[in-house]
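Chemist: Protein sequence lines correspond, in order, to chains P and U.
Under this note's numbering, the residue at position 83 of the first sequence is numbered 83, and the numbers go up by one with no gaps.
Under this note's numbering, the residue at position 127 of the second sequence is numbered 127, and the numbers go up by one with no gaps.
Because the hints were derived from the structure by calculation, they are not lab data.
Each hint should be verified, as a subset may be incorrect.
Unchecked claim - Subject to a maximum C-alpha distance of 27 Å in a straight line, what follows is the list of computed DSSO-like cross-link-like pairs (lysine-lysine):
| # | chain 1 | residue 1 | chain 2 | residue 2 |
| --- | --- | --- | --- | --- |
| 1 | P | Lys64 | P | Lys131 |
| 2 | U | Lys57 | U | Lys131 |
| 3 | U | Lys57 | P | Lys84 |
| 4 | P | Lys200 | P | Lys57 |
| 5 | U | Lys57 | P | Lys131 |
| 6 | U | Lys64 | U | Lys131 |
What the hints assert, rightly or not - Computed, partial: chain U to chain P, Cβ under 7 Å:
| # | residue |
| --- | --- |
| 7 | Ile14 |
| 8 | Arg116 |
| 9 | Glu120 |
| 10 | Arg121 |
| 11 | Thr235 |
All C-beta atoms, glycine included, are put in the ideal place defined by N, C-alpha and C.
2 protein chains.
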Amino acid sequence: MHYFYVLDISQPQITLSTEESEHCIRVMRHREGDIVRVTDGRGHLADFSVIEANPKKCILEIHKLIEENLPLRHRLHLAIAPTKNIDRMEWLVEKAVEIGVHHISFLLCDHSERSRVNMERMNRLAISALKQSQTSWLPIMQVLSFDEWLDNTSNMTADRFMAWCDDDNNRQLATEPFLHQDILLLIGPEGDFSPEEVAKARQLGYVEVKLGNRRLRTETAGLYGCLTVAMREITSPIPSTQE
Amino acid sequence: MHYFYVLDISQPQITLSTEESEHCIRVMRHREGDIVRVTDGRGHLADFSVIEANPKKCILEIHKLIEENLPLRHRLHLAIAPTKNIDRMEWLVEKAVEIGVHHISFLLCDHSERSRVNMERMNRLAISALKQSQTSWLPIMQVLSFDEWLDNTSNMTADRFMAWCDDDNNRQLATEPFLHQDILLLIGPEGDFSPEEVAKARQLGYVEVKLGNRRLRTETAGLYGCLTVAMREITSPIPSTQE
Numbered sequence: 001m002h003y004f005y006v007l008d009i010s011q012p013q014i015t016l017s018t019e020e021s022e023h024c025i026r027v028m029r030h031r032e033g034d035i036v037r038v039t040d041g042r043g044h045l046a047d048f049s050v051i052e053a054n055p056k057k058c059i060l061e062i063h064k065l066i067e068e069n070l071p072l073r074h075r076l077h078l079a080i081a082p083t084k085n086i087d088r089m090e091w092l093v094e095k096a097v098e099i100g101v102h103h104i105s106f107l108l109c110d111h112s113e114r115s116r117v118n119m120e121r122m123n124r125l126a127i128s129a130l131k132q133s134q135t136s137w138l139p140i141m142q143v144l145s146f147d148e149w150l151d152n153t154s155n156m157t158a159d160r161f162m163a164w165c166d167d168d169n170n171r172q173l174a175t176e177p178f179l180h181q182d183i184l185l186l187i188g189p190e191g192d193f194s195p196e197e198v199a200k201a202r203q204l205g206y207v208e209v210k211l212g213n214r215r216l217r218t219e220t221a222g223l224y225g226c227l228t229v230a231m232r233e234i235t236s237p238i239p240s241t242q243e
Numbered sequence: 001m002h003y004f005y006v007l008d009i010s011q012p013q014i015t016l017s018t019e020e021s022e023h024c025i026r027v028m029r030h031r032e033g034d035i036v037r038v039t040d041g042r043g044h045l046a047d048f049s050v051i052e053a054n055p056k057k058c059i060l061e062i063h064k065l066i067e068e069n070l071p072l073r074h075r076l077h078l079a080i081a082p083t084k085n086i087d088r089m090e091w092l093v094e095k096a097v098e099i100g101v102h103h104i105s106f107l108l109c110d111h112s113e114r115s116r117v118n119m120e121r122m123n124r125l126a127i128s129a130l131k132q133s134q135t136s137w138l139p140i141m142q143v144l145s146f147d148e149w150l151d152n153t154s155n156m157t158a159d160r161f162m163a164w165c166d167d168d169n170n171r172q173l174a175t176e177p178f179l180h181q182d183i184l185l186l187i188g189p190e191g192d193f194s195p196e197e198v199a200k201a202r203q204l205g206y207v208e209v210k211l212g213n214r215r216l217r218t219e220t221a222g223l224y225g226c227l228t229v230a231m232r233e234i235t236s237p238i239p240s241t242q243e
């Protein structure tokens with residue numbers, strides 16, 4: 001069943017965006033009466049029938065609701081310094097959507113190698129990964145400075161982790177208990193966090209963890225974080241505390 | 001410290017390949033007396049000093065041996081059907097080297113979308129990932145048919161798994177016990193394994209497992225396998241049986 005994305009599927013009749021209409025009618029050649037699957041990227045899924053096969057403004061009518069996909073038990077908020085080579089961030093976004101991530105923040109750090117990220121392109125990529133992997137959860141994405149991140153998340157009830165390659169540090173994300181539904185994970189640039197950034201994060205209760213025993217590239221570290229959180233609900237028998 | 005690759009570092013004096021000499025002398029601008037780090041991709045690491053800074057045929061002399069890097073407790077033999085878009089296999093190789101994999105076989109299956117893989121290019125990629133992530137383990141890679149794989153591995157003492165998206169199947173690789181040092185993991189093409197292939201694998205004791213609860217692309221499934229095996233030694237307290 002072909003899969004499409006709209007902002008809101010709560011209405012009995014919906015109109016696909018120009019891009020999605022084009023994909024549905026021109027590329028997938030759907031006609032009046034065809035049934036397609038639609039998600040809003042917020043866990044809702046429904047089958048709709050094409051009632052107006054307009055390649056610019058395709059209109060769909062509700063056919064039947066699919067039961068809601070539960071999100072991952074833990075919501076990962078990944079805050080990662082964008083790499084110089086943006087392709088590496090693009091594939092991270094694609095993979096993170098496949099595996100499951102709640103929030104991705106591109107973090108501007110003292111040692112960041114890149115200060116601009118084309119969020120329109122990132123969102124298009126995330127939507128196409130959403131459709132490809134037929135999940136129904138689209139991550140919220142933003143670009144912000146290290147300090148803004150700390151401010152924005154300061155009141156969240158969450159487990160806080162910072163990926164940090166200090167040799168004296170033997171704590172591993174994979175073995176840390178997750179006590180809350182929300183997991184905040186900071187991943188620094190190739191040049192790592194500045195001592196000031198590390199000090200600020202420590203003060204706010206961020207726990208320094210390793211992501212395995214190998215030295216990973218920034219984007220691989222990001223994916224490692226996504227998989228660690230996603231695997232937790234398979235490997236840990238008892239659900240953790242939820243707010 | 002700059003990192004280079006040679007086939008054999010057991011000699012007190014070694015010569016870098018043309019490619020590595022070029023990288024060492026022209027790109028990194030090393031001169032006589034400089035110390036560089038060298039690996040053979042089989043767990044051996046040593047520091048050498050440049051004694052002849054020839055950009056085509058750079059000669060190095062042993063400075064000091066670095067203690068051997070232990071391999072991952074479990075050796076993953078990943079057998080994966082190459083994707084139509086070879087870039088996806090290329091990044092899998094890069095990431096798998098970073099995270100750790102013992103063996104990668106590109107599997108020609110009944111539903112394979114691609115029957116040729118440029119192994120020379122794949123090996124170059126693996127070596128550059130080895131150098132980038134400064135690990136000292138280079139995976140053995142090959143292309144072979146599904147039946148050849150089964151024949152070649154039939155006498156191995158190993159845990160055998162097949163990634164299989166059957167809805168009735170609730171076994172997860174992440175929670176399966178690993179009883180042996182060697183772990184064989186089969187990952188099929190987008191079109192999945194043929195019923196004949198599944199039957200053959202079952203007969204040889206392959207356990208069907210899921211890789212999480214999401215639908216993953218072939219290359220993401222491969223990386224999921226690598227991370228599951230790599231994480232095991234962090235999360236499982238007691239070492240498993242070793243042959």
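Chemist: Decide, hint by hint, whether the structure agrees.
Modeler: Hint by hint, here is what the structure shows:
1. Among the hinted pairs, P:Lys64 with P:Lys131 is consistent with the structure: their alpha-carbon atoms are about 19 Å apart, no more than 27 Å.
2. For the proposed pair U:Lys57 and U:Lys131, the alpha carbon gap of about 19 Å is at most 27 Å, so the pair holds.
3. Proposed proximity of U:Lys57 and P:Lys84 is contradicted: the alpha carbons are some 33 Å apart, above 27 Å.
4. A hinted pair counts as satisfied when its Cα atoms are at most 27 Å apart, and P:Lys200 with P:Lys57 does not qualify at roughly 49 Å.
5. The suggested pairing of U:Lys57 with P:Lys131 is violated, with an alpha-carbon distance near 51 Å, which exceeds 27 Å.
6. As the CA atoms of U:Lys64 and U:Lys131 are separated by approximately 19 Å, the hinted pair is consistent with the 27 Å bound.
7. Because the smallest distance between the Cβ of U:Ile14 and any Cβ of chain P comes to about 24 Å, over 7 Å, the interface hint for this residue is violated.
8. For U:Arg116, the shortest C-beta to C-beta distance to chain P is roughly 23 Å, which exceeds 7 Å, and the interface hint is violated.
9. Using the Cβ-Cβ criterion of 7 Å, the hint placing U:Glu120 at the interface with chain P is not satisfied: the shortest such distance is roughly 23 Å.
10. Evaluation of the U:Arg121 hint against chain P yields a violated restraint, the C-beta minimum of about 18 Å exceeding 7 Å.
11. Taken as an interface hint, U:Thr235 checks out: its beta carbon lies about 5 Å from the nearest beta carbon of chain P, inside 7 Å.
Hint compliance for this structure: hints 3, 4, 5, 7, 8, 9, 10 are broken, all remaining hints hold.
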